[in-house]
Amino acid sequence: MTIKEIFDTMDYGPAPESSAEALKWLADRGGIAGHYINGKWGPMRDDFPSSNPATGEKLAGITKGTAEEIATAVAAARKAQPAWAKSGHKRARVLYAIARLMQKHARLLAVMETLDNGKPIRESRDIDVPLAIRHFYHHAGFAQLMKSELPDREASGVCGQIIPWNFPLLMLAWKIAPALAMGNTVVLKPAEYTSLSAMIFAEICTEAGVPPGVVNIVTGDGETGAALVDAEVDKIAFTGSTEVGRKIREATAGSGKALSLELGGKSPYIVFDDADMDSAVEGLVDAIWFNQGQVCCAGSRLLVQEGVAERFYTKLKSRMDGLRIGDPLDKCIDIGAIVDPIQLDQITKMVSANTEGETYQTTAPEGCFYPPTLITGLSPASTLMQEEIFGPVLAATTFRTPAEAVEIANNTRYGLAASVWSENINLALDIAPKLAAGIVWVNGTNMMDAAAGFGGVRESGFGREGGWEGLAGYTKPKGTAKPLKKIDAFTTEDGHPADPLDRTAKLYIGGKQARPDGGYSEPVYSPRGKLLGHASIANRKDIRNAVEACNAAKGWSKTTGHLRAQILYYIAENLSARMDEFATRINQMTGGRNGADEVETAIRTLFTYAAWADKYDGQVHGVPIRGVALAMKEPVGNIGILCDDAAPLGGLVNAMAPAIAMGNRVILVASEPFPLAATDFYQVLETSDVPAGVVNIVTGSHAELAPTLAKHLDIDAVWSFSSSDLSAEIEKASAGNLKRTWVNNGQATTPSTADYLAASTEVKNIWIPYGE
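Each step along the sequence shown adds one to the number in the UniProt record's numbering, with nothing skipped, and position 38 is 38.
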């Protein structure tokens with residue numbers, strides 16, 4: 001046989017990875033994965049099995065954690081936390097030791113991950129384990145730098161962490177590394193199906209010298225996770241389905257627990273007609289068939305420009321035919337096993353129920369395997385284009401223009417990731433900022449690193465994993481908050497008006513003064529009982545109108561920081577011209593003598609955020625690719641704000657100024673007991689070139705308007721500085737579209753400038769590789 005004939009007839013042969021060492025590791029430990037609490041193992045019970053998805057064989061018994069065992073783990077973490085938080089350098093040494101030991105045990109971790117999860121050994125060995133190690137190295141550096149770089153922040157405390165089954169070890173690293181770096185202690189619950197690599201990690205913690213109680217691992221199912229959510233922890237970090245994330249948001253409402261959610265996705269994969277077709281096809285293989293499509297950021301919605309769609313589909317089908325499906329321990333396998341028969345059944349049912357388009361499917365072996373599937377000709381509203389399948393199924397449609405591509409891409413309740421393929425860098429960088437996603441990859445997919453934040457918007461959750469932005473979720477401002485004191489309106493004594501001319505303040509919506517929908521108003525009295533005027537009582541329809549005005553003002557988010565700064569300076573200038581009037585009004589309502597100081601502070605605040613409007617820059621992350629990851633700070637969108645009751649003008653300006661400086665539109669609910677300073681303030685706005693709909697001011701009951709703001713699907717965030725503690729109601733109602741919330745939890749706090757700016761922005765990481 002000639003060399004040419006050898007090359008022509010060459011075919012894949014099996015290259016199996018041995019599972020002997022991993023199975024021996026399990027056998028040596030009794031074949032049971034149990035709890036690791038306070039540096040010790042136990043209890044160890046065989047409550048339910050963990051099986052190899054590829055063969056169905058039992059790997060180990062799993063202990064189902066109880067509420068009492070969760071409480072024991074939390075108590076151990078609570079006891080260990082103060083000492084652990086003291087020295088950043090000591091934490092850095094421990095994290096470094098963990099990283100080194102993970103490198104030492106990398107092969108065992110990779111094989112165990114594949115046995116337990118079903119993903120190809122190539123992915124476990126070359127992607128999951130190295131990236132998990134990278135997170136501990138990177139966050140060792142953050143631990144060392146925390147004192148100098150985050151001097152005003154401290155550890156959140158005890159963190160409850162719940163991770164999914166699709167990346168058991170990697171998600172563990174994403175959660176534990178930043179938490180430990182910032183001085184927190186953790187109680188982690190691995191996924192029900194995939195707990196075994198966490199057991200190896202627990203042994204690594206002991207070997208690395210992690211103090212008892214700093215890392216606690218409690219195995220179990222959904223009930224165990226629910227018990228952890230209910231436990232006395234300071235933060236919950238969850239990665240998993242959107243529906244479970246919604247339940248966690250409701251369960252933690254009003255508890256004061258910090259929350260980060262990394263949830264589902266339906267990520268668009270956009271191919272323009274000038275893209276490198278072969279590269280885009282290969283990228284698509286990584287986007288949707290990586291880890292059998294069981295990836296929250298999988299590029300499961302293919303959008304191809306109409307003129308090249310058929311050619312692209314032909315190339316894609318040819319590539320699909322070459323994908324190898326089978327034993328995930330075979331190094332030549334491209335697609336492994338679905339994690340569990342239950343998940344396989346869900347994928348099968350979703351695809352079988354589809355009646356649209358044309359389906360192209362390769363073959364798969366018997367067992368817990370599903371073949372690569374392409375469904376073309378779907379409408380953007382199709383179930384398969386809208387719902388997360390979490391399997392190796394690609395739903396495809398076409399578009400004609402870049403604008404249409406953006407519309408189709410954003411036509412989803414999710415907003416986790418997106419891929420843009422084009423050889424025209426101008427086009428790619430025009431599209432990327434327009435996509436509703438936390439991560440955008442240009443001419444690439446599934447690029448992740450510890451230096452760049454990962455997380456989404458909309459119903460893909462909130463919070464970030466990785467990067468400087470990821471540290472915010474594991475820290476809190478230093479200081480001790482005091483209980484908030486409810487401030488009530490003054491009531492009448494003599495009923496005589498302070499001004500003989502009747503004044504009924506209206507609402508300010510869409511740049512115009514508007515009467516309340518309900519037609520009612522309420523009197524506002526001075527401390528001595530003098531009638532100062534009447535304030536309108538807004539209802540849900542007024543909020544609806546204000547939201548519509550915000551939506552009509554979306555152009556504000558596209559304006560330059562320089563323009564926004566000019567307008568904020570102009571507001572300050574016009575407020576300064578009426579300083580005496582506002583000072584008198586504030587003193588009349590509150591009975592104090594600090595009105596002039598409050599106005600002066602408001603002017604200073606406007607100047608501060610005018611200064612930041614064109615200076616709150618993003619970053620260029622140092623990621624390990626030949627390219628850059630741009631961390632762009634974008635506006636959140638429409639923000640509903642319940643203003644501080646104690647400072648009628650200052651509280652309103654404190655919230656309004658940073659929000660609009662960053663390009664957001666706001667609905668301000670004025671101080672409930674002292675609303676007239678806010679209604680006077682809209683006269684300043686009218687003369688300061690503020691575009692209609694950017695700032696909307698309503699008056700009325702905070703308790704009645706807060707749920708309306710929190711439930712509205714077109715409001716992207718709700719802040720509450722009200723003296724009425726409405727935190728529980730707001731957080732629970734926000735679960736509808738998983739909007740961001742910033743509430744006071746009944747505590748009197750003084751947020752910093754950095755806090756306001758962070759709450760006013762979303763971080764979008766755009767990955768841009770370069771080179772030929």
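It is possible that part of the hints are untrue.
[Said to hold, decoys possible] Quick list of in silico lysine to any residue cross-link-like pairs, SDA-like style, CA-CA up to 20 angstroms:
| no. | residue 1 | residue 2 |
| --- | --- | --- |
| 1 | K86 | K478 |
| 2 | K86 | Y96 |
| 3 | K317 | E358 |
| 4 | K478 | T749 |
| 5 | K147 | W468 |
| 6 | K476 | K58 |
| 7 | K331 | D286 |
| 8 | K86 | L150 |
| 9 | K434 | Q619 |
| 10 | K485 | E207 |
| 11 | K554 | E729 |
| 12 | K86 | K506 |
| 13 | K64 | N52 |
| 14 | K506 | P691 |
| 15 | K331 | N52 |
| 16 | K58 | E192 |
| 17 | K615 | N551 |
| 18 | K476 | R740 |
| 19 | K40 | K247 |
| 20 | K247 | E729 |
The set of hints was computed from the structure by calculation and includes no laboratory data.
Cross-check of the supplied hints:
1. K86 <-> K478: Holds, at roughly 14 angstroms.
2. K86 <-> Y96: Given that 20 angstroms is the threshold and the Cα spacing comes to 17 angstroms, the pair holds.
3. K317 <-> E358: holds (13 angstroms)
4. K478 <-> T749: Within the cut-off at roughly 11 angstroms; holds.
5. K147 <-> W468: holds (14 angstroms)
6. K476 <-> K58: violated (43 angstroms)
7. K331 <-> D286: holds (16 angstroms)
8. K86 <-> L150: Given that 20 angstroms is the threshold and the Cα spacing comes to 14 angstroms, the pair holds.
9. K434 <-> Q619: holds (19 angstroms)
10. K485 <-> E207: violated (50 angstroms)
11. K554 <-> E729: violated (28 angstroms)
12. K86 <-> K506: The given pair, whose Cα atoms are some 54 angstroms apart, is violated under the 20 angstroms limit.
13. K64 <-> N52: holds (19 angstroms)
14. K506 <-> P691: holds (19 angstroms)
15. K331 <-> N52: Holds. K331 to N52 sits at ~17 angstroms (cutoff 20 angstroms).
16. K58 <-> E192: holds (14 angstroms)
17. K615 <-> N551: violated (26 angstroms)
18. K476 <-> R740: Judged against 20 angstroms, a Cα distance of about 17 angstroms means the pair holds.
19. K40 <-> K247: Violated. K40 to K247 sits at ~32 angstroms, over the 20 angstroms cutoff.
20. K247 <-> E729: holds (14 angstroms)
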